[in-house]
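Visitor: Based on the hints, put chain B in the right spot on chain A.
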Amino acid sequence: AQKVTQAQTEISVVEKEDVTLDCVYETRDTTYYLFWYKQPPSGELVFLIRRNSFDEQNEISGRYSWNFQKSTSSFNFTITASQVVDSAVYFCALSEAESGGGADGLTFGKGTHLIIQP
Amino acid sequence: KAGVTQTPRYLIKTRGQQVTLSCSPISGHRSVSWYQQTPGQGLQFLFEYFSETQRNKGNFPGRFSGRQFSNSRSEMNVSTLELGDSALYLCASSLRHSWDYGYTFGSGTRLTVV
Chain A
1 AQKVTQAQTE
11 ISVVEKEDVT
21 LDCVYETRDT
31 TYYLFWYKQP
41 PSGELVFLIR
51 RNSFDEQNEI
61 SGRYSWNFQK
71 STSSFNFTIT
81 ASQVVDSAVY
91 FCALSEAESG
101 GGADGLTFGK
111 GTHLIIQP
Chain B
119 KAGVTQTPRY
129 LIKTRGQQVT
139 LSCSPISGHR
149 SVSWYQQTPG
159 QGLQFLFEYF
169 SETQRNKGNF
179 PGRFSGRQFS
189 NSRSEMNVST
199 LELGDSALYL
209 CASSLRHSWD
219 YGYTFGSGTR
229 LTVV
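Taken in order, these protein sequences are the chains called A and B.
With the numbering used here, letter number 7 in the first sequence gets 7, and the count goes up by one each step, no holes.
With the numbering used here, letter number 74 in the second sequence gets 192, and the count goes up by one each step, no holes.
Same shape as in the complex, but just chain A:
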């Protein structure tokens, strides 16, 4: 069965520090998708990134970067020069794709509550 582990329940850093959120996943499929979502206090899940299992390239988007390593089944998320507005709960998620690209539900990790102190 698929599983996503976010071992860090809560992280607190001071503004401008870099912070890395860890995500480890388990799946028996060779084709799968990995996601990161941000959940601010308002409740909606804001999509950050999607990666399929065949694309191991790291990605950078502004202050955000993601490191995907199949060898360690990890998909870590780094925020550089953190800001107070980055405070939120961050979720890593996994979907095992049916052959042909069909979608099943997402399996989420428990989330990491990130607190950026001014």
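One or more of the hints may lead you astray.
Computed cross-link-like contacts, DSS-like style, restricted to lysine-lysine with a CA-CA straight-line distance of at most 30 Å [stated by the list, open to error]:
| id | chain 1 | residue 1 | chain 2 | residue 2 |
| --- | --- | --- | --- | --- |
| 1 | A | Lys110 | A | Lys38 |
| 2 | A | Lys110 | A | Lys70 |
| 3 | A | Lys110 | A | Lys16 |
| 4 | A | Lys70 | A | Lys3 |
| 5 | A | Lys110 | B | Lys131 |
| 6 | B | Lys131 | B | Lys175 |
| 7 | A | Lys38 | A | Lys70 |
| 8 | B | Lys175 | A | Lys3 |
| 9 | B | Lys175 | A | Lys110 |
| 10 | A | Lys16 | A | Lys38 |
| 11 | B | Lys175 | A | Lys16 |
| 12 | B | Lys131 | A | Lys70 |
| 13 | A | Lys3 | A | Lys38 |
| 14 | A | Lys38 | B | Lys131 |
Hints in this document: simulated from the structure, not taken from any laboratory.
Guide: Then chain B, alone, in the frame of chain A:
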């Protein structure tokens, strides 16, 4: 472009009652998924609808049901409410039934069962 709209935003129900939650997807999106979020269990997949057909279902009892209309709007229903059904219910929509197209979430309906 309007996002995913969920109504109502907040709901208080009594144990034993039933409840219906509504989700209007992004215009043109045909796939709608539902998730339950609780402090204890986290985010869990309920079901997904595509073109009015249920495509997948998570591990929830039969008290949880849903449907999708021809305009892609979706409703989920919970019958015989239990205290443990108190949760944030999130709806997500996608253009097609495929993770290649990504899913956009709504702000959720917070259900409290007393």
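Visitor: Give a verdict on every hint.
Guide: Do the hints match the structure? See the list:
This hinted pair checks out: A:Lys110 and A:Lys38 have alpha carbons roughly 12 Å apart, not beyond 30 Å. Taking the CA atoms of A:Lys110 and A:Lys70, the gap is near 21 Å; set against the 30 Å cutoff, the hint holds. With a C-alpha separation of about 26 Å, the suggested pairing of A:Lys110 with A:Lys16 holds against the 30 Å cut-off. Proposed proximity of A:Lys70 and A:Lys3 is supported: the alpha carbons are some 15 Å apart, at most 30 Å.
With a C-alpha separation of about 27 Å, the suggested pair A:Lys110 and B:Lys131 falls inside the 30 Å cut-off, and the hint holds. Between B:Lys131 and B:Lys175 the alpha-carbon distance is near 24 Å, which keeps this suggested pair within the 30 Å criterion. Proposed proximity of A:Lys38 and A:Lys70 is supported: the alpha carbons are some 23 Å apart, at most 30 Å. Pair hint B:Lys175 plus A:Lys3 holds up; C-alpha atoms about 17 Å apart against a cutoff of 30 Å.
A C-alpha spacing of about 20 Å is found between B:Lys175 and A:Lys110, which places the hinted pair at or below 30 Å, so the restraint holds. For the hint linking A:Lys16 to A:Lys38, the alpha-carbon distance of about 19 Å falls within 30 Å, and the restraint holds. Of the supplied pair hints, the one linking B:Lys175 and A:Lys16 is violated, its CA atoms being roughly 43 Å apart against a limit of 30 Å. At most 30 Å may separate the alpha-carbon atoms for a hinted pair to count; B:Lys131 and A:Lys70 exceed this at roughly 45 Å.
Distance hint between A:Lys3 and A:Lys38 is fulfilled; the C-alpha atoms sit about 19 Å from each other, no more than 30 Å. This hinted pair checks out: A:Lys38 and B:Lys131 have alpha carbons roughly 29 Å apart, not beyond 30 Å.
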